[in-house]
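Position one of the sequence shown corresponds to residue 1167 (the working numbering), numbered consecutively onward.
A portion of the hints provided could be inaccurate.
Result set (BS3-like, lysine-lysine): computed pairs, CA atoms no more than 25 Å apart in a straight line [to be verified]:
(1) K1485 x K1472
(2) K1538 x K1493
(3) K1221 x K1282
(4) K1485 x K1401
(5) K1356 x K1384
(6) K1478 x K1384
(7) K1384 x K1420
(8) K1499 x K1478
(9) K1538 x K1472
(10) K1493 x K1478
(11) K1639 x K1615
(12) K1288 x K1538
(13) K1356 x K1288
(14) K1420 x K1401
Estimated spans, in silico, between C-beta atoms of each pair [what the hints assert, rightly or not]:
(15) S1362 x A1500: 48 to 54 Å
(16) K1356 x S1602: 48 to 54 Å
(17) A1410 x I1283: 54 to 60 Å
Worth flagging that the hints you see were computed from the coordinates, not collected in a lab. Glycine is no exception: its CB is placed at the ideal position from the N, C-alpha and C atoms.
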Amino acid sequence: ISVRDFVEQLIRTALEAAQDAGEVPAVDVVELGVERPNDPTHGDWASSVALRISKPAKMNPHQIADAIAEQMGEDPAVATVEVAGPGFINIRLSDSAYQNVFADIRTQGDAYGRSKIGTGTKVDLEFVSANPTGPMHIGHGRWAALGDAIANVLEYVGYDVTREFYINDAGRQMDIFAASVSCRYLQIMKLVASGSSVDEACQAILSDMDTFAEELPKDCYAGAYVVDIAADICKAEGDRWVDADSEERDAFFKERAYQAVLGHVSEVLHDFGLDFDVWFSERTLHEVDDNGQSAISRVVAELDEKGYLYEKEGARWFKTTAFGDDKDRVLVKADGDYTYFAPDIAYHKDKFDRGFTRCIDLLGADHHGYIKRIQSVGQVFDHPGQPEVIIGQMVNLFRNGEVVRMSKRTGEMVTFEELIDEVGVDATRYLMLSRSTDQTIDFDIAEAKKQDSSNPVYYVQYAHARICSILRKAADVDEGHPDDLVEDLIPADADLSLLSEESELDLAHTLEEFGETVEGCARDLAPFRLTHYAERLAADFHRFYTRCQVLCDDCDLRAARLCVVDATRLVLRSTLALLGVSAPERM
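Make a model of the complete structure from these sequences and hints.
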């Protein structure tokens, strides 16, 4: 039972006692209004139950609160209980209530703080969804960290989450990508025919990109990675495609290049600790069945049947203004082609058809005008409010305070892969999660690589490593996993009443807030709060370690403080795991 649940039980028991004594009329009470006071001097907890029931009870709320407080004051778990204002009940618990938190954490282990508020709810979480036409940029890295952390948090409180990547593999951009690779292939093979090796030809092109760019098609993909993809095709296919039909060559190159980029994206994300459950191809929405219908044409027909389409200027429009959009949207252009919005509708309809109760989309800052438009789909298909859209801001990259825009290796944008290669997965994840999604992140590479307390991820991880070092020292060993060591180090009947130092009780208060913090992160889809919590917990632990000698001569006090250390380790580990960050045992 959590401390919050314990407090609610205390209040309910006291209210029932007051009702049995005839001091408060017998009325049904559903919500006790238990909250943490904004001002900690008011106590640990506050309840507005007296205000909530005063009307049905036909009684002054202050009198109700007085009756409840009098009954509650007799409980040894309550240090003080006061009535404030019009009838708020302010409660401060005794030390014993918080001393038991350490034992609860150690008993529950990794299950501490979990809940079942999301049980029975299937969630589709779609994020990253980078176009398969090039490497991921650092903005995609923010979505990777954010989406995975949101999924972790939702799963921790009971939701059934599917991580999904939508592959934008249809449309003109894929044709331009294929033509770009095809052109680079022909350039390489021309140099090979003159006596160069494939590698020498690639180096020649990369050394003089401006000259070789003159032969590229308009609006092409001109990055160095396109040369690399073309080189791989040259090595595998030789001159097979030099004199081939251009349409046939582009079709082959489109698929080959697409698979190369998608494979690389998947590999980078895997190395980042993220594996998607579903990779959904946009192309499947365009595929035609035996009746000549695609998922897109079927959903357009269904919208028409429901009366949400009309024709104007030869195009077919969706009445999205009926659902709060600022203007109606074209689905089928005058030439018969679909707009980008049409497959988006079919895609979200597919999510609903797969049985997802909640659909969450993580999108970039340029998608603000998209929210009402896409939520109209949920309205039409009986999923009001869906999908839930999270709009995030940019990531600005710095090095020692100086803006970084170009990669040292290629002279182009710094890719997500390059960032994690230099900074590491843990620092990248943590710092990408350190701000709310509506805030821009200023990511300084030099700061992220620091190994001192000024770097928040290092500061938090060091707290965990320090704990593991304490446990090894307590066991007088140089090796050993903490989970194995604590079995022999800490007796089951350790006397936690000895923990009365301020820093010990402060740690208990912070540890007790873990489950509530996770639930808040899940409710608001805001895992950045866990970074703040982790830093506060680490600070509380470092303060405790400075003020309280853990490995003291008093065996009973030593055992009790080892309980504090171990409980902190477990919650720190769970917090970092939710963020997707490792909890090192040595640093």
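Results for each hint:
1. At roughly 11 Å between alpha-carbon atoms, K1485 and K1472 fall within 25 Å of each other, so this suggested pair holds.
2. Taking the CA atoms of K1538 and K1493, the gap is near 10 Å; set against the 25 Å cutoff, the hint holds.
3. Between the alpha carbons of K1221 and K1282 the distance comes to roughly 33 Å, so the proposed pair goes past 25 Å and is violated.
4. A distance of roughly 52 Å separates the Cα atoms of K1485 and K1401; the hinted pair therefore is violated under the 25 Å criterion.
5. Distance restraint check for K1356 and K1384: the Cα-Cα separation of roughly 21 Å lies within the 25 Å cut-off, and the hinted pair is therefore satisfied.
6. Restraint check for K1478 and K1384: not satisfied, since their Cα atoms lie roughly 32 Å apart, outside the 25 Å limit.
7. For a cut-off of 25 Å, the pair hint linking K1384 to K1420 stands: about 17 Å separates their Cα positions.
8. A distance of roughly 10 Å separates the Cα atoms of K1499 and K1478; the hinted pair therefore holds under the 25 Å criterion.
9. With a CA separation close to 19 Å, the supplied pair K1538 and K1472 stays within the 25 Å bound.
10. With a CA separation close to 14 Å, the supplied pair K1493 and K1478 stays within the 25 Å bound.
11. For the suggested pair K1639 and K1615, the alpha carbons sit about 29 Å apart, so the restraint of at most 25 Å is broken.
12. For the proposed pair K1288 and K1538, the alpha carbon gap of about 23 Å is at most 25 Å, so the pair holds.
13. With a CA separation close to 54 Å, the supplied pair K1356 and K1288 exceeds the 25 Å bound.
14. For the hint linking K1420 to K1401, the alpha-carbon distance of about 17 Å falls within 25 Å, and the restraint holds.
15. Checked against the hint of 48 to 54 Å, the C-beta distance between S1362 and A1500 comes to roughly 49 Å, which is consistent with it.
16. Under the hint 48 to 54 Å, the C-beta atoms of K1356 and S1602, about 52 Å apart, fit the expected range.
17. A1410 and I1283 have their C-beta atoms about 59 Å apart, which keeps the hinted 54 to 60 Å range intact.
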